[in-house]
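Residue numbers (this note's numbering), protein chains in the order written: chain A, 1 to 309; chain B, 1 to 253.
Calculated directly from the structure, the hints in this document are not laboratory data.
Hints are not guaranteed to be accurate.
In silico SDA-like pairs for lysine to any residue, Cα to Cα no more than 20 Å straight-line [claimed, not checked]:
#1 B:73 x B:195
#2 A:140 x B:99
#3 B:73 x B:23
#4 A:140 x B:98
#5 A:171 x A:126
#6 B:73 x B:85
#7 B:201 x B:191
#8 B:73 x B:95
#9 A:114 x A:96
#10 A:140 x B:97
#11 A:140 x B:191
#12 B:73 x B:29
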Amino acid sequence: MSAAIETYRLSKVYGRTRALDDVDLRVEEGSVFGFLGPNGAGKTTMLRLLTGLARPTSGSARILGQDVAAVGNSVRTEMGFLPDVPGFYDWMTGEEFLRFAAGLFGLEGGELHKRLGLLLGLAGLEGVRTQIGGYSRGMKQRLGVAQALINAPRLLLLDEPTGALDPLGRKDVLDMIASLRGRTTVFFSTHILGDVERVCDTVAVLNAGHIVAQGPIDELRSRYGQQKVVLEVTGGAEGLRADLEAAPWATRVASGSNGTLEVTITDLAEARLQIPALVAARHLGLSRLEAGEMGLEEVFVELVGEKAQ
Amino acid sequence: MNGFAAFALKEVREIVRTWRIWVLPGIVLFFALTGPILARYTPQILGAVVSDQIPGLNLPTPTSADAYAQWMKNLSQIVLVTVIISYGGLVSGEVRSGTAALVLTKPLSRTAFVVAKAVVHGVFLVAAVLAGTLVTWGVTAVFFDGAPAGPLWSGTLVWLVFGVLFVALMALLSVVLRSAAGAAGIGIAAYAILSAAAIWKPLGRYSPAALTPQAASLAAGQEADVLWPVLTGLILAAALVAAAALFFRQQDL
Chain A
1 MSAAIETYRL
11 SKVYGRTRAL
21 DDVDLRVEEG
31 SVFGFLGPNG
41 AGKTTMLRLL
51 TGLARPTSGS
61 ARILGQDVAA
71 VGNSVRTEMG
81 FLPDVPGFYD
91 WMTGEEFLRF
101 AAGLFGLEGG
111 ELHKRLGLLL
121 GLAGLEGVRT
131 QIGGYSRGMK
141 QRLGVAQALI
151 NAPRLLLLDE
161 PTGALDPLGR
171 KDVLDMIASL
181 RGRTTVFFST
191 HILGDVERVC
201 DTVAVLNAGH
211 IVAQGPIDEL
221 RSRYGQQKVV
231 LEVTGGAEGL
241 RADLEAAPWA
251 TRVASGSNGT
261 LEVTITDLAE
271 ARLQIPALVA
281 ARHLGLSRLE
291 AGEMGLEEVF
301 VELVGEKAQ
Chain B
1 MNGFAAFALK
11 EVREIVRTWR
21 IWVLPGIVLF
31 FALTGPILAR
41 YTPQILGAVV
51 SDQIPGLNLP
61 TPTSADAYAQ
71 WMKNLSQIVL
81 VTVIISYGGL
91 VSGEVRSGTA
101 ALVLTKPLSR
111 TAFVVAKAVV
121 HGVFLVAAVL
131 AGTLVTWGVT
141 AVFFDGAPAG
151 PLWSGTLVWL
161 VFGVLFVALM
171 ALLSVVLRSA
181 AGAAGIGIAA
191 YAILSAAAIW
201 KPLGRYSPAA
211 LTPQAASLAA
221 GQEADVLWPV
231 LTGLILAAAL
241 VAAAALFFRQ
251 QDL
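Starting from the given sequences, assemble the full structure and let the hints guide the process.
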């Protein structure tokens, strides 16, 4: 499979701040790729480098097989981009802006008419004659998504696309992203884990300018899922919880649903041996002991630590 | 339609649908209309005001040359300052608002972005000043005995090279400086320096610094050698736009 995006030791330095530090990233063509990270991790910087809006301090990036440093109109023709805070001409209407954007791609005639209708519908802006200056933030965000799709791009780059949307608008955008799977490579940055879990097949986690994890979302979950066990005991679990918290191989103990305990561990083999012993020492019955699966949120918190809070 | 044409058309529509359609043409037309009237009646007004203090004051009868001189003075001062101030954020305004990031990730090169702006606003200035010249010519014909076309139009055309040069300069300054006010400040300083530079003979003869004095001479019906100032002015304007495009291509947005 070919790569839609490929970066090699990509770095960006602003004064004394290293916004991105030796980032190696590969996004396969056709995937829906979630670029996760807490605020200030470097997600927007990464997108600015990928779109050619900023130049890297060192390293290189390739988009659809072409070096971004030499990126020209040929690549931009196949790309759609939505910035985190899209800027529009306030004196235009939404339809006028879409027509203008289409004009930059040389679109006209029946094809333009068809796409305009489709995208205005997607953005919920059909029949809206108000100038963009009078739009709410959510309307602007939806228009931003629509303009990014005007050229039916091969690669869609979205910076926090659902940040300003209400739950319904968010659902529509996520459904739209999911519907593009296989036809368009979607690369979107976000700090909303639910969005990533819902539509992405691959994910990279960025923290303080470094990629701390990268891979298919299921693989990432199972990689970290092996480090969690769920147990259920008969009787009071409070004393057992204190014992588990004191164990050197347990990093976190949380109460789950139905009186279960979820234990994040560093050594699964040791935990399997010790947990029954601790349960027996408390004269409790062990109803269930199994390897749990970590949610993406837990993986994220584990990877980026306190900064994500 | 390619990216350049689509963006240039956007600039034209932006002029027509925003404050830009009122400010520059409004100022040009106001002074085009009032200049000849003021030139016609200033001696009478002055005479009425100071006749008590200076008995026997004899003011010359105004002519169309006075109306033309007024027009050239207004172009070189008020209109030029309007150009400098209104174009201080020509490029930086789009960078700040985020619209540049949206359009420059589409098939529109940064060079096309800058050149389209400079060309459209240069043409807009030319159109506004030519319309103003037509008005001032007509009003002069009404208020004076005859309004010769040659001096007025030749002087205005030479001044337009100076005006276009400043549109190009503001395009460059608005790329280099993110602050519109800062760019306007430097633009006004450049105007002052260029005006003073005309005193030095070589610059006053061959460089764009000669454009305004030569334009005023032509409007007054005098002979003027404008070939070199016009040529160097146009070359400098093109060089400034090229420099603006070059700087813009290097910038992080």
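Hints, one by one, checked against the model:
1. A C-alpha spacing of about 13 Å is found between residue 73 of chain B and residue 195 of chain B, which places the hinted pair at or below 20 Å, so the restraint holds.
2. With a C-alpha separation of about 13 Å, the suggested pair residue 140 of chain A and residue 99 of chain B falls inside the 20 Å cut-off, and the hint holds.
3. At roughly 19 Å between alpha-carbon atoms, residue 73 of chain B and residue 23 of chain B fall within 20 Å of each other, so this suggested pair holds.
4. Taking the CA atoms of residue 140 of chain A and residue 98 of chain B, the gap is near 13 Å; set against the 20 Å cutoff, the hint holds.
5. Taking the CA atoms of residue 171 of chain A and residue 126 of chain A, the gap is near 19 Å; set against the 20 Å cutoff, the hint holds.
6. Taking the CA atoms of residue 73 of chain B and residue 85 of chain B, the gap is near 18 Å; set against the 20 Å cutoff, the hint holds.
7. Taking the CA atoms of residue 201 of chain B and residue 191 of chain B, the gap is about 18 Å. The hint holds against a cut of 20 Å.
8. The suggested pairing of residue 73 of chain B with residue 95 of chain B is violated, with an alpha-carbon distance near 35 Å, which exceeds 20 Å.
9. This hinted pair checks out: residue 114 of chain A and residue 96 of chain A have alpha carbons roughly 15 Å apart, not beyond 20 Å.
10. A threshold of 20 Å between alpha carbons decides the hint, and for residue 140 of chain A with residue 97 of chain B the separation of about 13 Å falls inside it, so the pair holds.
11. A C-alpha spacing of about 41 Å is found between residue 140 of chain A and residue 191 of chain B, which places the hinted pair above 20 Å, so the restraint is violated.
12. Distance hint between residue 73 of chain B and residue 29 of chain B is fulfilled; the C-alpha atoms sit about 14 Å from each other, no more than 20 Å.
The structure fails hints 8, 11 (numbered hints given earlier, in ascending order).
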